[in-house]
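A.B. asks: The primary structure of each chain is shown beneath.
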Amino acid sequence: MLLQFPAANNPDVDLKTTYDAVIVGSGAGGGMAAHVLTAHGLKVLLLEAGKAQDTSKILHSMQWPYDHPRRGKMPPEYHALTNEYSIRKPPYAENSPYKSVQSYVQGWGGSDYSKTLVVNEKEHPYTGTRYAWVRSRAVGGKTNIWGRLALRLSDYDFKAKERDGFGENWPVSYADIEPYYDKVDLYLGISGHPENLPYLPDSKFQRPVKLNYAEMHLRETLKGMGRVLTPYRAGVTTDGLKHNKYRSRCYGRGACSRHVGGCDIHAAFDSPTGLIRPAMDTGNLTLRPNSTVYEVTVDKDTGKATGVSVIDTETRKNYEVKARTVLLAASTLESARLMLLSKSSAHPNGIGNSSGHVGHNFCEHVMGPSVAGFMKDLVGKPRTLDDGRPGGFYVARFRNLDKRSDFLRGYGYEGGSGTTMTPGAAYDTPGFGEEYKKHVRDYAGATISMGAFGEVLARYENAVGIDPHVKDAFGIPVLRFGYQFGENERKMAADMAVSAREMFEAAKFEIVSSSDKMLTEGWSIHEMGTARMGNDPKTSVVNQFQQSHDVPNLLVVDGSTHVSASCQNPTWTIMALCWRSCDHLAELLKKGEV
Amino acid sequence: MNALGEINRREALMLAGGVFLCLQLPAAEPGAPLFFTPDEFALLDKLTELIIPADDHSPGAHETGVAAYIDRTVAEAYVPDEKTSWRKGLAAIGELLRASDVQPADVLTKLAAKETDPQTEAEKFFTQLKQTTAFTYYSSSIGIHQEMGYLGNVILQEFRGYEAN
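So the sequences go chain by chain: A and B.
According to the working numbering, the first sequence is numbered sequentially starting from 1.
According to the working numbering, the second sequence is numbered sequentially starting from 1.
One or more of the hints may lead you astray.
Claimed, not checked - Calculated pairs, DSS-like style, for lysine-lysine (alpha carbon to alpha carbon, straight line, at most 27 Å):
1) Lys83/B with Lys438/A
2) Lys159/A with Lys89/A
3) Lys438/A with Lys110/B
4) Lys517/A with Lys83/B
5) Lys57/A with Lys99/A
6) Lys83/B with Lys115/A
7) Lys122/A with Lys83/B
Said to hold, decoys possible - If we take Cβ atoms under 7 Å as the criterion, some of the chain A residues that face chain B in the derived model are:
8) Arg71
9) Pro76
10) His193
11) Pro194
12) Met216
13) Pro231
14) Arg383
15) Gly431
16) Glu434
These are calculated hints, taken from the structure and not from any lab test.
These figures come from a predicted structure and were not determined experimentally.
Don't be surprised by glycine CBs; every beta carbon is placed ideally from N, CA and C.
Generate coordinates for the entire structure from the input sequences, incorporating the hints supplied.
C.D. replies: As structure tokens, then:
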């Protein structure tokens, strides 16, 4: 049995020590910072607002739904937000009769497991425009529930401005980041099949996920259209990792798409077992859960960061922690909130915000357009096992590579085919009775579907700020959203829907349903950009090593530093950039240059 | 062959943590309905069986206990408004069925015709009832194993599919 953490949730922090680094947040960015800095021999304190939980014990990945008293759903006093996001504005828990209101989590809204990981909106409200903001306050953050798609960005993303004139280039190129992608691949494990695409670079892959019959057929069809369907590139170790005793290799239980994701044998990467626990084994890391950071403290003479102010989430006691460097990895929006809240005479607009760009250039992925159908050859055929793997397929972007569309940037699709534990056809097959039942049975193995994820342009006017009136349960002012999709996203979404149908028609699949509707802002859970990197301190917040232009001992190592959203999922890039920045920071600390 | 055949000792130990620790939970007890009246419950049971009937392949909603599960869910998990809407919905369909010269299947056929765009109380309720019946049936042991013959949720050495290329 893997026990991830000591039983005590509130280990003592040495308030007299000045740590080499304090890290705020324990997800992909914070976990990676802890790993890299402790490996350099630095003394590190990792603060997490939420609890330490042993997901090995709470996940029950192989539990059958009928062995759970509510078939996997949350207890009655809990409510999962779904429709509210499309019909109302935040705060979403206002006047709710439920004791606890949970932010939506992908397709698993209402999962019993999600209640332990995502925040209660009653304690953590926000205001402004519609936004499905999913936050996980728990050790490991959203890596406990992520979708595992682990993609690299390329110079089509880092240097996108050179191609289409929009926005800003990143202050790094693929050549700078490639060695760090390699390190992340080898340290954490990634499954995939090499395709040699300049716009979707290959990783150091372990054994790929195999395709099933309909997926293979679609791959062949798309080849003829000059498009690439590749097996799901999963941040999952399929061959195992000899250097990590906390993680098993994948055993194809198909459990990762149930119970809100997550993996109780940790074959899928999560920060607690992939990064934090090994970092604790170095003896250089102190992890303190239940620690809500509400301010970065500064020396009023030098303006440099001196540490952070913390509220204990359980006792509500305040304390201060001292550190030579402060690394923010609280998530794109929480890191921006923390910077904006950290006002002082040295930093009147919030720490690191002399540019006025903190909270701005907020971007993510637009999703919604999708297609679902079936492959006639497979109807009524003997049952096959189709979901014993960490994902189905990914269709790489194909727009705005050589030719220009009427919109900027690109999109890809995630999809899959075949039987799942409970058949999707049960919900979209019309009618009732014997005919309905037989139809569900016969078509369950023949289904195939995919949905698009597209780049939302990073625009200055899309921003979050501090609400002047509303506070959370800890008395900390909350975020106010001013964020909406624009014309480019609408044009892209229309094209996503047309292309999806076009590919299914080319494959001669029978289309059952398709959608061209965008889901509410935030649905992708891929928020980025609120503290972007750049070379110019007037238009960016951090430099290429994620170091604040204003405050050299403050780093931001989460998705907030991404200059553009790309259409490729951000987790692997968050970790590659963080590794590079922390190597750089360790150098600076050794030389005494921060 | 034993599926665990090639798994080494350490791996088996790791799997044991997540895999073989299963919560033992009480099954729904038979007996009086928790929320619905006996008449309402009988109607609910009849409707769910009409939606997913027993056939030569597997048992239907009745034998699977779909109505009992719905009754318990409505009793324990639904807020008062939702409880009322279930009661009203059942009453609306019940009224249609009471007309002397109709077959229940014909009533449902009419309601199902409006499935994607329900207007009346009975039509809206039918859609809700069907979705709930489908969820309950296909997440049950009979639904997953006997009806669907689901092969997954097992420990695989390797997923059998096609190599890309």
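A.B. asks: Just to be careful: measuring from the Cβ of proline 194/A to every Cβ in chain B, is the smallest value less than 7 Å?
C.D. replies: violated, 9 Å
A.B. asks: Does the structure keep lysine 57/A and lysine 99/A at a Cα separation of 27 Å or less?
C.D. replies: holds, 25 Å
A.B. asks: Tell me if proline 231/A is really an interface residue toward chain B, meaning its C-beta lies closer than 7 Å to one of theirs.
C.D. replies: This interface hint holds because 5 Å falls under the 7 Å limit.
A.B. asks: What's the verdict on lysine 83/B and lysine 115/A, does the C-alpha distance respect the 27 Å limit or exceed it?
C.D. replies: holds, 23 Å
A.B. asks: Given the hinted pair lysine 438/A and lysine 110/B, is their Cα-Cα distance within 27 Å?
C.D. replies: At roughly 20 Å apart (the allowed maximum being 27 Å), lysine 110/B and lysine 438/A satisfy the hint.
A.B. asks: Is the hinted pair lysine 517/A and lysine 83/B satisfied, with a Cα-Cα distance of at most 27 Å?
C.D. replies: Not satisfied, since the Cα-Cα distance of roughly 32 Å exceeds 27 Å.
A.B. asks: Would you check the hint for lysine 122/A and lysine 83/B, treating anything up to 27 Å between C-alpha atoms as holding?
C.D. replies: holds, 24 Å
A.B. asks: Per the CB criterion, is proline 76/A less than 7 Å away from chain B?
C.D. replies: Check passed: Cβ of proline 76/A comes within 4 Å of chain B, closer than 7 Å.
A.B. asks: Quickly compare the C-alpha distance for lysine 159/A and lysine 89/A to 27 Å and report which way the hint goes.
C.D. replies: With Cα atoms ~36 Å apart, lysine 159/A and lysine 89/A exceed 27 Å; violated.
A.B. asks: Would the stated hint for glutamate 434/A survive a check requiring a Cβ distance to chain B of less than 7 Å?
C.D. replies: OK, holds: glutamate 434/A within 7 Å of chain B, min 5 Å.
A.B. asks: Given arginine 71/A was flagged as interface, is its beta-carbon under 7 Å from a beta-carbon of chain B?
C.D. replies: Given a least distance of 5 Å, the restraint on arginine 71/A holds.
A.B. asks: Against chain B, is glycine 431/A within 7 Å by beta-carbon distance?
C.D. replies: For glycine 431/A, the interface hint holds, since the closest Cβ of chain B sits about 5 Å away, which is under 7 Å.
In the structure shown, a violation is registered for the earlier hints numbered 1, 2, 4 and 11, in ascending order.
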